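A.B. asks: This is what each chain is made of:
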Amino acid sequence: MIIHDKKNFVAGALYVSFGALVAIGSASYDLGTAQRMGPGYFPLALGLLLMGVGLLVAASALGAAGPRTELGHWPMGTVAVVLLSVVLFGLLLRPLGLLLAATVLILASARAHSAWNWRTSIISAAILVPATAIVFVGLLGLRIPLLPSAF
Amino acid sequence: MLANLMIGFDAALSLQNVLYALMGCTLGTLIGILPGLGPLATISMLLPFTYGIDPLGALIMLAGIYYGAAYGGSTTAILVNLPGETSSVVTIIDGYQMARRGRAGVAIATAAIASFSAGCVGTIVVAAFAAPLATVAYRFGAAEYFSLMVVGLIGAVSLSSGSIPKAIGMILVGVILGCVGTDLNSGTLRFTFGQPHLWEGLEFIVLAVGVFAFGEIIQTLTSGETQHQDVIPADHLMPSRRDFRRMTPSIMRGTAIGSMVGVLPGAGLSIASFFSYALEKKVSRHRAEMGSGAIEGVAGPEAANNAAAQTAFIPTLSLGIPGSPTMALMLGAMVMHNIQPGPRVMTSNPDLFWGLIVSMLIGNLMLVILNLPLVGLWVRLLKIPYRALFPAILLFCCMGVYAAQFSTFDIMLAAGFGLAGFLFKKLDCDPAPMILGFVLGPMLEENFRRALVLSEGDFSVFVREPISATFLALAVLILVLSALPRGRQRRSLIAEE
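Chains as they are written, first to last, in the working numbering: chain C, 1 to 151; chain Z, 152 to 648.
No lab work stands behind these hints: they were computed from the structure.
Misleading hints may appear alongside valid ones.
[Claimed, not checked] Among chain C residues calculated to face chain Z with C-beta under 10 Å, some are:
#1 G12
#2 S60
#3 S109
#4 T132
Bear in mind the structure is a predicted one, so any value in this text is a computation, not a measurement.
Every residue, glycine too, gets a C-beta built ideally from N, C-alpha and C.
Could you put together the complete structure from these sequences and hints?
C.D. replies: Spelled out as structure tokens, the structure:
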């Protein structure tokens, strides 16, 4: 069997698996009846519906009549640099405070750009970190620790 | 209507609220001008600036951000040949050509004048129609409301790009994500995975920032569109008398089209400007010049997308049903400020409702004042290289997510949704219907359950009640029409243009 429309096939498969997970998860809650619905009724229906839609999408990808697509290039390196910098920021914000965590976020994420170099990222950190602290903590008054909690 | 507008002027014209409108417009334009950040990402990024403000002030500021973003995009389109927002894609065609012929300033001024006059007309349309519509909706029962929301969601699907089943799937994903949190009827925790931060549901900004802002950053970084762009300088702002004569009919046509399209569910601003451009190409006296720098090609679409930006508020404010993802975002923001949008807002908070409408007028005026003299500043902003820009956007997004609930867990969750957003882009799954489903999900479930309680578990209630049945029939009709070959062609045409 040849899959002509690879994008749609993967999308359909994802729908089916996510729908199945939701349906299984909802089944563990009280379902109730149509008149007195429990917390599981609506999400179960949604999960099953999504599985149905997913099957439809995946099946339509098999026919030779439809468009042909390839999955193409997946630049996972860039994705990882950007998103892991964000995760790192989340992990460091409480223990290290805003100033250090923001510096780490900027220095780490800047590497995702093809024309990255140390000089520009240090300059942008030097401008952005104090600016962020002033805007969010100074002007907007958000309760965010600036320095490591030990100080 | 006049008395109501007076209430609005009273509320909106306080010094504080005028300042909020000014701030919103400035921030919106500022971010809207940056290429590679759409209106959804712009609004989600700027959401934290409204946290500490009272509800009316926050709404006024958000609305300012919203049309500031729509407006700033056109400057980028004209000067750099890049759409700052998707709604400016059409403006590029003639706007950039005008700029290349040394008429960049005139093009920008035309866009500003067109947007301003269309925005004013749009605001009056909102004031005239939102109230009667809300009175009708006030009488809707649970079944009618459920079916109305289904029409809204299906309408959004029929106009989104890509395959219809895929878009329906995205809506379902959104509604499912909306189920996370405490079930209001039973108090049961659903899909919270032991995370106390999820008890009150998934925070809206987490999803929006993750899928749109992070998704767009990754997309821009990997698409190679980050190279330095040439910016055409803009001087000689004042259009000549001949220019004014040529743009006026186009502005009027664009305003009319935009006002109508804006109300449609899911239509969005880009479709309004596309329709207007198509119309100008057919009826304009100077249609032969279209594509090579005709002022009509800027005036019409810019008027259309701004009029649509205003009238999109009609279903959102009066029914509580957003017609587009951007409006879903506005609605989500209202919920964050503890306002449950819908027909009741107008009677329970008249100053809020009318104040927002009047602030639209003020906002439009501010945009003209802001945009024309500050063009030089905006141009300089366009010269900041992307590699210096995106870490800043990333940092601001993280701060916004954190500020919503003071939860670092939310920041990491947003990163997770960023991955999902990347996946959606790669698989051509438009995430816009998902945000619509997410915002409408809880209301959808509540009305679904209430309708079935009242009907004692009889599902036929949705087709037995005449109004509800009409809505559902309409939904089916939209689906069938857009699945037909001709509808498909038109849809792909819209998506391409």
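A.B. asks: Each hint should be assessed against the structure and marked as holding or not.
C.D. replies: Right, here's what the structure says about each hint:
Taking 10 Å as the C-beta cut-off, the interface hint given for C:G12 holds, the closest approach to chain Z being about 8 Å. Interface hint at C:S60: satisfied, since its Cβ lies 7 Å from the closest Cβ of chain Z, which is below the 10 Å cut-off. Because the smallest distance between the Cβ of C:S109 and any Cβ of chain Z comes to about 5 Å, under 10 Å, the interface hint for this residue holds. Residue-level restraint check for C:T132 holds (minimum Cβ-Cβ distance to chain Z is 6 Å; threshold 10 Å).
Checked against the numbered hints above, the structure breaks none of them.
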